[in-house]
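J.: Sequence:
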Amino acid sequence: MPRFALIIFLVFSFELNAEAANNPALNERQLNHLFNEGSRCILELKTDSIPVFANKILEHPGVDESDEWMGKGLYLISQFYKANFRFDTTAFILIQAQKHFQKINDKTYLAKVYNELGLIYSELNNFELSKKYKLDALSTFFATRDYDNQAVLMNNLGGDYLALDVLDSSIMWFSRALELKPKLDKNKNVLVLAATGRSSAFFFNGEPEKAWQDLELAKKYADEFGEPYQKIEVKHREADLLYLTGNYKACIDSCFRLKNLFSTQFNLRDEYLNYERLAWSFKELKQSDSAIKYFMLFQLYKDSIENKESRDALNTKFARFEVNELAYKTKLAEAVSVRERNQKFFLFIICLIAITGIILILLYFRKYKIQKELTIQSQRDSAEKTIAYTREILSNQSQLILEKNRIIDELNESLSALFSNGDSETGDFENLLESKILTREDWIKFKTYFQMIYPEFLEKAHQKFEGLSESEERLLCLFKTGMKSSEVASMLGILSKSVSKNLRRFKMRYSISSDLSAEDIIGFIG
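If you count the sequence shown from 1, you need to add 6 to reach this note's numbering.
Hints are not guaranteed to be accurate.
Calculated pairs, DSSO-like style, for lysine-lysine (alpha carbon to alpha carbon, straight line, at most 30 Å) [what the hints assert, rightly or not]:
hint	residue 1	residue 2
1	K105	K137
2	K503	K466
3	K62	K52
4	K194	K225
These aren't lab readings, by the way, just hints derived from the structure by calculation.
The whole structure should be built from the sequences, with the hints applied where relevant.
T.: What follows is the structure in structure tokens.
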């Protein structure tokens, strides 16, 4: 059966060629067939098959005399070089095709050639020539009332000005493309790209509210007229705006939702862009592990696209990456587990050392406290013994003075009786008897022992009673030891009345209430 079909095809081809040599009308049909097949290869991206049909047209008998078919053949072959990124050659061939179409004033194909030249010179970064040819194409489309292609060209011009950061012109051309909506027939989906482009221009022009409004408009048009890839483009733009406005978490969510929309036709380029956005978003959020992962995926897709690798090769690389990532995560988890175990052990050692240190410090502190208490107790005992000893000496001295005073009093009485006749010879002896019994040496000794027992008393007394005399000082010291007025009088060798008189004079001098006793005054001093 296949052989039979081949024979029929060869016979039909032979008859067709034989008839074409004698019939110009049939020749036109054959050329149209070749051109349509070549155009279909362009649409189906079968670029290697384009030269076959283009060369058949250009080598067809009589074509070299036909500007229409020479132009169409050249236009067809230009698409082959364009698909292979040989833009200089593409521009040269299109200019040759332009000359043929100009001769016959074929505005339809002239507009296509102008449009293609505008796109090619954009790729060659020659904006002036690109702009010139696009405007020529636009004027030709105006003449033919081809609103669909007008909208496409206006959208392209808007994109060119956006790339050049000439935002006012970009917004103008995108707006003009959107204004053609009522007149569009076949290319209403261009509205999606125009609204998306104007959204970008508004954002970079510092008008974020209008940018979001146009993005919503693009979503609406994408639902109504858009192709699948255009819906993805709108999602891309939404994620871009979220990133540029600093809403990184929302951008990451949008990128993950976008990834679920990818089809095999678009996912190479789209995943490349998506991974790049994810990497930068995670970097901004200080999530370094995720950022590194998506930077690596971004580079993997970038290298694959630049090297024009097949989808299968990319899938192999991606699978290898996932295996390596899983191995890395496993290794990382093991490292984390070891680190946590080491941290726990280290923490246990630190706690043990700390507890031991605290126990040693407490023991040392307890020992130090005990030693300090013993030292203080020893000092206290020593002080108490010293005070007791001093107190005893002071008491003995006081008793000695009192005893001496008693003996002197008795002697004085005996002598008074003996010399009651009042002879003058006894005058010097009486003066001797009336001299102070508490001598200065006795007072110095008494005061020394007194200050050992009451070290701050005299200092406080002088502070409270400025200008305190030596006799007042003696009086206060004797009362401080707990003596009564009679004992003080005996110590000083004076009468009890004299003690009371001296005490009264002391109160008057320092404005002390007469109701206060000697004990009260001593208590006031402290």
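J.: Now, for every hint given, state plainly whether the structure supports it.
T.: Against the structure, the hints:
1. In summary, the hint linking K105 to K137 is supported, as the alpha carbons are separated by about 19 Å, within the 30 Å threshold.
2. Distance restraint check for K503 and K466: the Cα-Cα separation of roughly 27 Å lies within the 30 Å cut-off, and the hinted pair is therefore satisfied.
3. A threshold of 30 Å between alpha carbons decides the hint, and for K62 with K52 the separation of about 17 Å falls inside it, so the pair holds.
4. The hinted pair formed by K194 and K225 meets the criterion: a straight-line CA distance of about 14 Å does not exceed 30 Å.
Against the hints set out earlier in the document, no violation occurs for any number.
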